[in-house]
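Chemist: Given next are the chains, with one letter for each unit.
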Amino acid sequence: MSVSYQPVQWNRQKKVYDRIMLALIGLFLVTFVVLQLLLQPEITPETLIIRASGLLAFLMLHVILCIGPLSRLNARFMPLLYNRRHLGVSMFVFSLIHGLFNIIQFHSLGDVNPLYSLFTANLQYGSLINFPFQVLGFFALLILFLMAATSHDFWLKNLGPKFWKSLHMMVYIAYGLILFHVMLGVVQLEQSPVWIGTLALGMVLVLGLHLAAAIKTARHEKLEAKNAGEGFQEVCKISDIEENRAKIFTLNGENIAVFKYDGKVSAVSNICRHQHGPLGEGKIVDGCITCPWHGYQYFPGNGQSPPPYTEKLETYEVQIKDEKIYVNPKPHAEGTALPPAQIESQ
Amino acid sequence: MTNNDEFFIGWETNAPPSYAKKGRTFVILLIFIIILLSLGWVISQRGFAGSTFELGKLSTIEGKLQIRPVPLLKVNYQGEPHSVLLIGFGKMGAEATLSDIEKVTNESLIGKNIKLRGTLIFHNGKTLLELTQGSESFQGFSNQSNATNTKRRSLGEQSLKGEILDPKCALGVMKPGFGKPHRSCAVRCLSGGIPPILKITNKEGGVNYCILLGEDGQAINKKVLPYVADQIRICGTLEEQDDWLVLYTNPESDILRLSPFWMGDNIPMCN
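Protein chains in written order, with my numbering: chain S, 1 to 346; chain D, 347 to 617.
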């Protein structure tokens with residue numbers, strides 16, 4: 001959470017995250033380069049740079065794409081999600097190295113502009129097998145650039161979470177472009193079962209994890225979605241909610257998190273104002289609802305972030321009758337203080 | 347998730363123990379994946395040619411300049427004529443550089459014995475000289491005049507199967523200097539005036555190269571661009587000129603792309 005923008009708001013966990021990330025990047029580069037020089041020393045330095053940077057970026061992209069669904073399937077993977085943007089920007093840097101070296105190597109020092117050459121050297125756009133695969137990589141790199149350039153809370157705030165999220169969902173388009181870029185490029189040349197196999201395995205892993213996470217989410221939404229009429233609606237028993245935790249309900253299209261804490265029950269929007277994280281999967285910490293994704297906080301009684309922070313959530317009226325919780329799905333304006341429903345002691 | 351469950355907050359100093367443990371397990375898994383993938387990707391590559399591009403090292407060679415069939419310096423190597431193909435800097439042919447040199451010397455160099463300095467490229471018995479320094483590649487006239495006249499031997503009408511490449515990359519500068527990833531580079535080189543060659547591989551794995559020219563000996567660089575890096579069959583009159591093969595062909599009618607591969611060899615051509 002922040003009230004002013006800094007390039008990186010460092011904390012201990014971000015530093016640990018980045019050190020591990022850099023160590024793993026270093027491990028890949030050293031292992032790949034040393035093995036290459038030992039086993040196939042005829043390779044040129046340019047090809048070594050192009051292959052090492054490309055493969056590293058491709059591997060990092062798979063890790064990045066797996067972190068999201070892994071965190072949905074098991075909250076213990078949340079630490080991987082917390083600083084994923086550093087992983088994303090680093091992946092873009094290696095993609096850029098790969099792209100630039102390719103343009104220099106294959107398109108520069110010729111009779112036309114290298115960028116013009118990129119689009120016109122191979123004109124077999126109508127052929128699947130001979131499609132100019134470098135063009136696919138170029139557009140993927142453009143998407144990754146847009147994502148890396150806006151990978152900061154400044155842009156998140158100014159573009160708005162919805163637009164920002166849509167922009168960053170383009171990573172899936174980039175992934176598709178990169179799959180075809182690899183398949184129609186180096187895999188066609190190498191034709192090795194190892195290269196084809198790892199490409200297929202990576203794709204199955206990414207798709208499989210996303211499918212599993214989607215099924216889990218759909219099941220949850222199916223269970224908790226209710227089409228209610230006007231006024232207060234029964235949602236669950238008090239005992240259904242753990243202390244300092246919440247249950248999530250979809251009532252009349254409203255995504256609502258109902259929290260139980262300190263003998264009270266409050267309801268707020270389930271959608272975190274930061275990156276639309278699921279607040280109902282968070283916890284009350286130090287009296288505040290705390291988002292499981294990046295730790296943004298809100299008071300349960302009024303949906304406001306503790307000062308000096310300014311984020312606010314919609315709030316909902318709550319009643320308790322006969323040990324049951326009732327919520328009125330009509331939202332109150334962001335940050336509206338509503339009296340929590342009191343739980344009578346047994 | 348129970349109330350007593352640990353809860354991860356990124357801005358706290360430490361992650362809860364169970365989260366940290368999961369993170370450690372994930373990192374260890376990644377270490378194994380990284381090592382395994384690196385090894386797998388390296389050893390499963392099809393390998394790289396043992397060709398040489400002496401980048402950063404300039405050599406001076408002496409010989410007789412010819413511009414037919416393509417710009418080359420004919421040298422006498424161990425008593426045998428050896429043609430050193432000349433190419434320009436980057437992805438350009440040698441003609442512009444030779445023209446610049448002639449402007450400086452104010453006389454035609456064709457058929458003269460000269461000294462040229464540049465970067466050597468060699469592989470499979472073929473040698474190229476990149477005129478890296480432009481017109482400064484010319485190092486004066488040579489007193490040596492032991493280069494013989496070109497020995498020409500007709501090999502008749504032939505139909506050859508192979509891949510059209512640029513000799514600069516295929517013989518040393520790029521690894522790999524063939525196949526689809528290299529297609530755009532080869533297109534640039536041929537478009538820039540480097541003469542196209544056909545790489546022919548026999549069943550025993552032996553490799554030879556053949557310079558491609560039009561039926562009248564004219565350059566056909568632009569016309570072969572659509573076929574670069576594809577497996578093709580090409581027909582024409584084959585000739586041996588010293589240590590190079592030269593195929594005189596009509597690129598508009600006598601080249602056929604062989605992909606998809608199931609088309610096989612029985613293609614009606616060269617009638």
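Read the hints as simulated data drawn from the structure, not as lab findings. Treat each hint with caution, since some may be false.
Counterexamples of contact, computed for chain S against chain D with all Cβ distances above 10 Å [what the hints assert, rightly or not]: (1) L22; (2) Q40; (3) V93; (4) F145; (5) E190; (6) V194; (7) A214; (8) Q233; (9) I320; (10) P331.
Taking beta-carbon pairs under 8 Å as the criterion, some of the chain S residues facing chain D (in silico) [what the hints assert, rightly or not]: (11) P7; (12) N11; (13) F28; (14) L109; (15) Q134; (16) H152; (17) W155; (18) L189; (19) S192; (20) T198; (21) L199; (22) I215; (23) A218; (24) V285; (25) G295.
We put the beta carbon where it would ideally sit given N, CA and C, even for glycine.
Chemist: Determine for every hint whether it applies to the structure shown.
Modeler: Comparing the hints with the structure gives:
no.: 1; hint: L22; verdict: 12 Å, holds
no.: 2; hint: Q40; verdict: 6 Å, violated
no.: 3; hint: V93; verdict: 18 Å, holds
no.: 4; hint: F145; verdict: 21 Å, holds
no.: 5; hint: E190; verdict: 6 Å, violated
no.: 6; hint: V194; verdict: 4 Å, violated
no.: 7; hint: A214; verdict: 20 Å, holds
no.: 8; hint: Q233; verdict: 24 Å, holds
no.: 9; hint: I320; verdict: 19 Å, holds
no.: 10; hint: P331; verdict: 26 Å, holds
no.: 11; hint: P7; verdict: 16 Å, violated
no.: 12; hint: N11; verdict: 5 Å, holds
no.: 13; hint: F28; verdict: 5 Å, holds
no.: 14; hint: L109; verdict: 3 Å, holds
no.: 15; hint: Q134; verdict: 6 Å, holds
no.: 16; hint: H152; verdict: 16 Å, violated
no.: 17; hint: W155; verdict: 19 Å, violated
no.: 18; hint: L189; verdict: 4 Å, holds
no.: 19; hint: S192; verdict: 4 Å, holds
no.: 20; hint: T198; verdict: 6 Å, holds
no.: 21; hint: L199; verdict: 11 Å, violated
no.: 22; hint: I215; verdict: 19 Å, violated
no.: 23; hint: A218; verdict: 19 Å, violated
no.: 24; hint: V285; verdict: 7 Å, holds
no.: 25; hint: G295; verdict: 4 Å, holds
Hint check: violations occur at hints 2, 5, 6, 11, 16, 17, 21, 22, 23; the rest are consistent with the structure.
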